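Asks: Here's the letter readout for the chains.
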Amino acid sequence: MHGIVAVITDFGVKDHYNGVIKGIILGINPEATIIDLASDVDSFNITDAAFMLYASAAYFPKGTVFLAIVDPGVGTERSAVAVECSNHFFVGPDNGVLYPAASKERIIKAVKLENSRGTFDGRDIFAPAAAKISLENSIEGLGKIYQLNEKFELGEASVDNNFINARIIHVDKFGDAVTNIRKESLTKINKIKYEGMIIKRASSFSDCSNICFIEGSSGFIEIVANKSRASDKLGLYAGKNLRLELYE
Amino acid sequence: MHGIVAVITDFGVKDHYNGVIKGIILGINPEATIIDLASDVDSFNITDAAFMLYASAAYFPKGTVFLAIVDPGVGTERSAVAVECSNHFFVGPDNGVLYPAASKERIIKAVKLENSRGTFDGRDIFAPAAAKISLENSIEGLGKIYQLNEKFELGEASVDNNFINARIIHVDKFGDAVTNIRKESLTKINKIKYEGMIIKRASSFSDCSNICFIEGSSGFIEIVANKSRASDKLGLYAGKNLRLELYE
Amino acid sequence: MHGIVAVITDFGVKDHYNGVIKGIILGINPEATIIDLASDVDSFNITDAAFMLYASAAYFPKGTVFLAIVDPGVGTERSAVAVECSNHFFVGPDNGVLYPAASKERIIKAVKLENSRGTFDGRDIFAPAAAKISLENSIEGLGKIYQLNEKFELGEASVDNNFINARIIHVDKFGDAVTNIRKESLTKINKIKYEGMIIKRASSFSDCSNICFIEGSSGFIEIVANKSRASDKLGLYAGKNLRLELYE
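For the record, the sequence lines run as chains B, V and C. Residues in the first sequence are numbered from 1 upward in steps of one, following our numbering. Residues in the second sequence are numbered from 1001 upward in steps of one, following our numbering. Residues in the third sequence are numbered from 2001 upward in steps of one, following our numbering.
In short, the hints are calculated from the structure, not lab data. All figures in this text were calculated on a predicted structure; none of them were measured in a lab. Take the hints with a grain of salt, since some may be wrong.
[Stated by the list, open to error] Here are the simulated lysine-lysine pairs, PhoX-like style, with alpha carbons at most 25 Å apart:
id, chain 1, residue 1, chain 2, residue 2
1, B, Lys240, C, Lys2227
2, V, Lys1173, V, Lys1144
3, C, Lys2227, B, Lys151
4, V, Lys1173, V, Lys1188
5, V, Lys1151, B, Lys227
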């Protein structure tokens, strides 16, 4: 292994931006293994990318460099950063996209990268930094020590008597809606009620007859359907707040 | 070459699922070459993925491991399998997605993988198995000997006097509709009739003035148009049955 | 580094075509590093792919082989070519897609590849040629010396008194519309007028309150908005001609 760089961006697959980033990385570290973590995050959706990075990093080899570019503030004073954690490195804007994944590990230190004031920091700032880290397994020399500013949290659902105040943090291609309710907090509940509708626990998609909740693969409760889109049926989207009744 | 894993899934490029699979593979085989065969198959469309795997495998180097995850039955009793064939390995659910490609080669043996009962067997079962096979060039030790259950066939169009009963098995991005009619079975025909419309043979897309049929790149007859979508014009989709008159 | 092949096609991520191309390349050069430059260019849009190749090549290591397949004329007499330039190689149809990028470098020589008359030259002609070049760092032996025919130009906006006649050459995922006005030609202008609307210069997306123009990352003026799609608001698309008044 000669350095893995895993890339998550909102650049899409119709444009050349993701490709150019890889060209830059290979120019600095010709032996890098470059992986697309997600190529087409919803434009500017920091929550969505932060969740995916949080849910993914643990499955990558130690030392993997995550390059996360969902950056509506490109060209502004927001800081560009590289973060060394106990298991992985994270490179991107300090706008919250890195924080949930980085803080899930132990943050060892962060540095502030030079800021370009251009419109494509992915190419000009972030990719070169990620490539150098993949080569040297260190953030030394990339900038001054820095404290992460945007301590964005995916949130933790709060319990209020018999109700749970939750939030949707991701909706996937299948219309499965990931909540911020950790699966451990709902082990004794088999039915919840949302806007008058009873939602039963299911152990698999096939086990679900209409709309169900399930212990999702990322450790959170997901609201799902069987071969159809729960998110469309219930009008769920990343960022939506839900008040759920613990029913049975 | 240190093991090629070619991945075909319905996970899409907006989510992290395809990325996580690659992280898992690199954790087990850091030198693996991972290729996206198709990242965004229509959700749950086993026929579509089975066709693409069937049409693609022969173009990959001997020993390539195909990881095929279109798996509406994840979490049920459907079996998870790894198949060793004369030229390639195939890993995925035993729901038909692997069968056309595997049986086109000689099936040497199959094993049944452990079943997780979770919701992301791609990450937990299939990717680790594919990575191990890419490392060891063998399915030994992955599970008990197993016979593939779902002997799904892409189908073979049948001739009925002057008619041919066919099926659409794939519609591509350009709206070209792949039928299950092998090109060899139509060599003497230059016109077919479908729902009152004459469809002429063309030798290339540019050669086609309206809707035509063509000997497609996968060995099947395709119904196509020149720079427009034949599938939209004729209402064709994967799974649709057609009765075509052999006209001239 | 053992040969980089950067692939730009209009094949998309739902089909197996991009995957098959990579299988072919690995069969010829098992050590190739294959990068997606853009996987889903708008179908048949030569201008779009030509612009992206033009805007990207300089960011890739010397010797990179660019495989560019946007090829509405597949199966016709249009030539299939490989081009050796001062820094990179370009392989694809001679329909204009390669010309802007190749002529931006110094063209050393081009050869005409065998023409298949099939429907998937990407697999049968272009990928094998690109793989061989990535292996041997040369186009020798691939065909007869050839002069590029389609000297397609992205165009250069022309000034007409106080007006500039420009063209949109790319609209990206974010709705940013790239014009063919080089940023150097507009350095003293801070406002332009388009169809009665004043468009102000901005230095970053965040700096823009409605519709603005910006010096884009590819060296051209772009018409953009802040977190919304300028292309939708103004009806801009690749190929559209604009008459802009230099206002202030």
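Asks: Taking 25 Å as the top limit, are the C-alpha atoms of Lys1151(V) and Lys227(B) close enough?
Replies: 23 Å, holds
Asks: Hint check: Lys1173(V) vs Lys1188(V), CA-CA at most 25 Å. Holds or violated?
Replies: 29 Å, violated
Asks: Below or equal to 25 Å on CA atoms is what counts here, so check Lys240(B) against Lys2227(C).
Replies: Satisfied, since the Cα-Cα distance of roughly 20 Å is no more than 25 Å.
Asks: For the pair supplied as a hint, Lys2227(C) and Lys151(B), confirm whether the alpha-carbon distance does not exceed 25 Å.
Replies: 22 Å, holds
Asks: Take the C-alpha atoms of Lys1173(V) and Lys1144(V), compute the straight-line distance between them, and say whether it is at most 25 Å.
Replies: 40 Å, violated
Violated hints, listed in ascending order, are 2, 4; each of the other numbered hints is respected by the structure.
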